[in-house]
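Colleague: Residue numbering for the sequence shown follows UniProt numbering, beginning at 1 and increasing consecutively.
These are computed hints drawn from the structure, not numbers from a lab. Virtual Cβ for every residue (Gly too), placed ideally from N, Cα, C. Where hints are given, some of them may not hold.
[What the hints assert, rightly or not] Using C-beta positions, here's what the derived DEER-type ranges look like:
1) Leu40 to Leu99: 11 to 21 Å
2) Thr31 to Asp82: 13 to 23 Å
3) Glu18 to Asn67: 31 to 41 Å
4) Asn67 to Leu99: 15 to 25 Å
5) Asn67 to Met42: 16 to 26 Å
6) Asp114 to Glu73: 33 to 43 Å
7) Asp3 to Met42: 33 to 43 Å
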Amino acid sequence: MADYPVVLFSYGTLRQREVQLSVFGREVAGTPDALPGYRLSMVEITDPHVIAVSGATHHPILQATGNADDVVEGTALRLSEDELAAADEYEVDDYRRVLVPLASGLRGWVYTADDNGPST
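Work the whole structure out from these sequences, hints included.
Modeller: Here it is in structure tokens:
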């Protein structure tokens with residue numbers, strides 16, 4: 001795990017094999033995990049490259065609720081710092097990367113709606 005020290009919680013397109021190969025240059029195995037206090041909605045994607053890679057014009061996006069009963073299921077991915085930077089490039093301006101506690105006890109980065117406040 002030393003080569004992949006970064007945890008990124010994915011609940012959407014970064015779990016897709018084709019997206020991983022395009023963004024990271026490899027398929028990334030992950031561990032099922034969950035994020036309490038958030039819910040999913042959808043955002044329209046207008047970036048042609050992101051649409052081409054993901055195959056979708058609408059992607060899921062996290063909205064903070066602060067309600068522990070709201071839980072989003074996803075995958076904890078192990079990445080390198082360079083791969084995290086590549087994920088930042090892939091995500092459009094509607095998303096903001098924040099550090100969060102996951103249900104497993106891990107702390108990981110996640111992309112949320114940009115209006116969820118300051119990153120930690």
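Colleague: Taking the hints in turn, state whether each one holds.
Modeller: These are the hints, each one checked on the structure:
The beta-carbon spacing between leucine 40 and leucine 99, approximately 19 Å, falls within the hinted interval of 11 to 21 Å. A hinted range of 13 to 23 Å holds for the C-beta pair threonine 31 and aspartate 82, which are about 21 Å apart. Remark: the range hint 31 to 41 Å for glutamate 18 to asparagine 67 is upheld by a beta-carbon distance near 33 Å. Remark: the range hint 15 to 25 Å for asparagine 67 to leucine 99 is upheld by a beta-carbon distance near 20 Å.
Range check, asparagine 67 to methionine 42: about 20 Å between beta-carbon atoms, so the 16 to 26 Å window is met. Taking 33 to 43 Å as the suggested C-beta distance range, the pair aspartate 114 and glutamate 73 does not conform, at roughly 22 Å. A C-beta distance of roughly 34 Å is found between aspartate 3 and methionine 42, which places it inside the suggested range of 33 to 43 Å.
Violated hint: 6 only; the structure is consistent with all others.
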